[in-house]
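Colleague: Put together the whole structure using the sequences plus the hints.
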Amino acid sequence: MEGSQALSRLRRIISLGLLCAALAAAPAWAGGGSAGSGAKATVSTKDYDLYRSGSAADALPPQPASNLLVLMGGGIDVDDAFRAMIAKARGGTASKVDVVILRTSGADGYNAYLMAMDGVDSVESIVLKTRNGSSAPEVLDLVNRADVLFIAGGDQSTYIALWAGTPLEAAMKAAVARHVPFGGTSAGLAVLGQFDYSGANQSVTSADALANPYNRNVTLDRSFLNALPLMAGVITDAHLVTRDRMGRLVTFLARLSADGWAGWQSLRGIGVDEQTAVVVDGDIATVMGNDDGAGGRTGSAYFLKPTVAPTTVKAKTPLTFRSLQVEKRVAGGQYNLATWPTESPYFISAEAGVLMPYPY
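Read left to right, the sequence shown gives residues -30 to -1, 1 to 330 (mature numbering (1 follows the signal peptide of the UniProt record, and there is no 0)).
Misleading hints may appear alongside valid ones.
Taking lysine to aspartate or glutamate pairs in the DMTMM-like style, the calculated list, with each CA pair at most 20 Å apart, reads [stated by the list, open to error]: (1) Lys298 - Asp253; (2) Lys10 - Glu108; (3) Lys99 - Asp88.
Just the calculated beta-carbon pair ranges, DEER-fashion [to be verified]: (4) Arg186 - Gln304: 26 to 32 Å; (5) Ser105 - Ser173: 26 to 32 Å; (6) Gly62 - Thr287: 51 to 57 Å; (7) Gly252 - Ala86: 27 to 33 Å; (8) Arg186 - Lys10: 38 to 44 Å; (9) Arg115 - Val278: 46 to 52 Å; (10) Ala177 - Arg115: 44 to 50 Å; (11) Gly135 - Gly265: 45 to 51 Å; (12) Ala202 - Arg292: 39 to 45 Å; (13) Met326 - Ser75: 53 to 59 Å; (14) Gln304 - Ser173: 28 to 34 Å; (15) Thr312 - Pro107: 48 to 54 Å.
The set of hints was computed from the structure by calculation and includes no laboratory data.
What you are looking at is a predicted structure, and each value in this text was computed from that prediction instead of being measured.
Don't be surprised by glycine CBs; every beta carbon is placed ideally from N, CA and C.
Modeller: Below you can see the structure in the form of structure tokens.
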């Protein structure tokens, strides 16, 4: 028995050692909330910090002929989504590109990760600390010259508070008009629809939202980046399956209808899970994920469309909202965001505050 226990302990030690070695050898994944390398900012003011990696000169690739939008669901970043943005910006040429990351917390967490990708000339991470920073000439100049523009994870309420209605928002919209590949992850995803869950108080769970659609934490906004291509009528949510957020996404749609922000017929929801990106090129959204270590890919995204108006949307009253059409796509799957077709749907309902059947 003692020999068997010793052998078992030895096996556990060896397994732990192999795991540690594998982790040490693994690539350095960037994260939306990553604090970064610890390096000092290239430029630091009371309004913003700038972390630059690579060349300060303008790379000047050709302008893309069409838009590319990346909706990333948080957690570990999806390499192929960033590669798609870089490739779109390069336009099939050997040109290199300048990537600009916008955030209100963290530091240079994306810099080394993106500099390691083929075709990147520079990465400039801008941490906006005040609303005044959104009018700073150097910030606006960098955004105006960006070849790829991405919003990191963090706290979307600060993005709305510091960026909405500023010259920075105007510069972001102008970049999209120039077909600069654009996107965001987690909180960065939350602000890409016409309507946003702002998280202005604190995060709301599906259970609390379904139990009371007017819970103080169900905070919606329509003041920021509300005219991106194919995002009309859309509200998004990240970490969808991992944090069980389908119920609150359904609640957001019900509130938008009940509050008269849009008719139920035009409302849409896009829920993206962690390690998943929805890459929208032209009208077509392609779902991308990471290697899952078992020969497959992570990734699931959900495209919601109401089929009837919500029945009961009242304060301190459980939600009833029936027959929402869901189109689920996993890594490699596609969906047309121009037409939102009915192809392989299933249907979910909120019945007196209970979401049914299993929504994922």
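Colleague: Against each hint, give a clear statement of whether it holds in the structure.
Modeller: Verification of the supplied hints:
no.	hint	verdict
1	Lys298 - Asp253	holds, 17 Å
2	Lys10 - Glu108	holds, 18 Å
3	Lys99 - Asp88	violated, 31 Å
4	Arg186 - Gln304: 26 to 32 Å	violated, 38 Å
5	Ser105 - Ser173: 26 to 32 Å	holds, 29 Å
6	Gly62 - Thr287: 51 to 57 Å	holds, 55 Å
7	Gly252 - Ala86: 27 to 33 Å	holds, 28 Å
8	Arg186 - Lys10: 38 to 44 Å	holds, 40 Å
9	Arg115 - Val278: 46 to 52 Å	holds, 48 Å
10	Ala177 - Arg115: 44 to 50 Å	holds, 45 Å
11	Gly135 - Gly265: 45 to 51 Å	holds, 48 Å
12	Ala202 - Arg292: 39 to 45 Å	violated, 24 Å
13	Met326 - Ser75: 53 to 59 Å	violated, 37 Å
14	Gln304 - Ser173: 28 to 34 Å	holds, 31 Å
15	Thr312 - Pro107: 48 to 54 Å	holds, 49 Å
Hint compliance for this structure: hints 3, 4, 12 and 13 are broken, all remaining hints hold.
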